[in-house]
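Chain by chain, the residues run as shown.
Protein chains: 2
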Amino acid sequence: MKIYLAGPDVFLPDAVEIGRRKAAICARRGLTGLFPLDNAVDLTAPDASLAIFKGNEAMMDAAEAIIANLTPFRGPSADAGTVYELGYMAGRGKICFAYSNDPTIYAERVARSFAVTKAERGHLIDRDALTVEDFGLPDNLMMIHTLDLRGAKLVTPRQAPADIWHDLTAFEACVALAANRAAGTSS
Amino acid sequence: MKIYLAGPDVFLPDAVEIGRRKAAICARRGLTGLFPLDNAVDLTAPDASLAIFKGNEAMMDAAEAIIANLTPFRGPSADAGTVYELGYMAGRGKICFAYSNDPTIYAERVARSFAVTKAERGHLIDRDALTVEDFGLPDNLMMIHTLDLRGAKLVTPRQAPADIWHDLTAFEACVALAANRAAGTSS
Chain A
8 MKIYLAGPDV
18 FLPDAVEIGR
28 RKAAICARRG
38 LTGLFPLDNA
48 VDLTAPDASL
58 AIFKGNEAMM
68 DAAEAIIANL
78 TPFRGPSADA
88 GTVYELGYMA
98 GRGKICFAYS
108 NDPTIYAERV
118 ARSFAVTKAE
128 RGHLIDRDAL
138 TVEDFGLPDN
148 LMMIHTLDLR
158 GAKLVTPRQA
168 PADIWHDLTA
178 FEACVALAAN
188 RAAGTSS
Chain B
8 MKIYLAGPDV
18 FLPDAVEIGR
28 RKAAICARRG
38 LTGLFPLDNA
48 VDLTAPDASL
58 AIFKGNEAMM
68 DAAEAIIANL
78 TPFRGPSADA
88 GTVYELGYMA
98 GRGKICFAYS
108 NDPTIYAERV
118 ARSFAVTKAE
128 RGHLIDRDAL
138 TVEDFGLPDN
148 LMMIHTLDLR
158 GAKLVTPRQA
168 PADIWHDLTA
178 FEACVALAAN
188 RAAGTSS
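Respectively, the protein sequence lines represent chains A and B. Going by the working numbering, the first sequence opens with residue 8, and the numbers climb by one from there. Going by the working numbering, the second sequence opens with residue 8, and the numbers climb by one from there.
What the hints contain is simulated information worked out from the structure, not anything from laboratory work. Any given hint might turn out to be false.
Some chain A residues judged to face chain B by a derived CB distance under 7 Å, without partners named [as the list claims (entries may be wrong)]:
(1) Phe60
(2) Val90
(3) Ala136
(4) Phe142
Listed below are the simulated PhoX-like cross-link pairs for lysine-lysine, each with C-alpha atoms no more than 20 Å apart in a straight line [claimed, not checked]:
(5) Lys160/B x Lys61/A
(6) Lys101/A x Lys61/B
(7) Lys160/A x Lys101/A
(8) Lys101/B x Lys101/A
No residue lacks a Cβ here, since even glycine has one placed at the ideal position from N, Cα and C.
Could you build the full structure based on these sequences and the hints that come with them?
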């Protein structure tokens with residue numbers, strides 16, 4: 008089974024090394040991890056961003072499943088590029104797994120960064136009076152439920168690891184789920 | 008043509024009214040706008056979030072196109088739920104349009120909120136040393152290029168309107184693009 012390895016990991020200073028570690032974890036389970044940086048792109052070319060897009064999309068089309076790193080990125084939700092890719096894979100009918108190294112629920116995370124209060128009707132709102140989604144889920148319900156229906160529940164640690172960008176324990180749990188699925192057993 | 012109207016608009020205090028305004032703009036062009044809140048969901052039910060998910064997915068499956076509101080939401084990128092839906096529609100081969108009421112490029116927006124510096128190799132990094140995508144695009148390249156290839160370039164105003172959550176000028180431009188597409192003319 009080929010698995011597309013989505014996540015803001017590509018933005019890490021040691022992104023290539025993380026990709027190697029993730030692919031090695033997949034290989035130990037008999038799976039093939041496809042990491043975006045495996046695509047050779049000339050970053051100095053004027054159409055570099057389009058080349059990255061096309062490379063990523065071709066990888067996704069070649070994969071049967073995705074493991075998305077939904078650890079919150081520059082705000083209370085997951086990285087936009089990763090979320091787009093999870094949606095794309097769901098739309099293509101692929102198997103969807105994901106993890107987040109932050110086990111906090113979304114409403115709590117928003118409350119940490121924005122002035123969250125209760126509106127007259129009793130629901131949570133932010134400083135712009137926009138509703139804060141409050142279903143006890145770790146991120147937006149579209150991502151959470153697509154995982155429930157198309158792969159497995161979002162994997163989160165009991166508490167955030169010391170290094171949220173390099174700890175691969177939750178990732179390994181996703182790989183185990185994928186390996187079980189590939190072996191035809193339910194998990 | 009049925010168009011799924013995605014966006015954090017559903018979180019506005021006057022979300023139902025915004026949905027009506029958007030649907031009316033579509034109707035004037037002979038298009039049918041499908042707004043998530045048109046689905047009747049009992050928000051007090053224990054499975055309310057799953058019911059919302061299923062309702063939104065059914066609406067997306069019924070639509071031929073999406074117009075996504077990618078105005079930045081609680082951070083430098085678009086709302087995660089909306090981004091997921093854009094990805095899903097792209098994966099399903101639907102026509103993709105979107106707008107953002109913030110014309111700033113992504114790297115500039117990140118620099119406003121995070122301590123962005125230049126790494127030794129010359130690229131921008133944030134305070135965690137994670138690369139800041141810097142292709143001169145208004146948001147993550149996956150969203151921007153899927154629009155270029157599957158619908159039209161992200162629509163942005165020359166400068167942000169006074170009320171970024173209620174100004175529908177950029178939305179109307181997307182509806183015009185969709186109407187042209189529905190009429191079979193290129194735009």
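Now for the hints, and whether the structure bears them out:
1. Phe60: Cβ of Phe60/A sits 4 Å from chain B, so the hint holds.
2. Val90: holds (5 Å)
3. Ala136: This hint holds: Ala136/A lies near chain B, its Cβ roughly 5 Å from the closest one there, short of 7 Å.
4. Phe142: It holds, given that the least Cβ distance between Phe142/A and chain B is near 4 Å, below 7 Å.
5. Lys160/B x Lys61/A: Distance ~16 Å between Lys160/B and Lys61/A Cα, so the pair holds.
6. Lys101/A x Lys61/B: holds (17 Å)
7. Lys160/A x Lys101/A: holds (15 Å)
8. Lys101/B x Lys101/A: holds (17 Å)
In terms of the numbered hints stated before, the structure departs from none.
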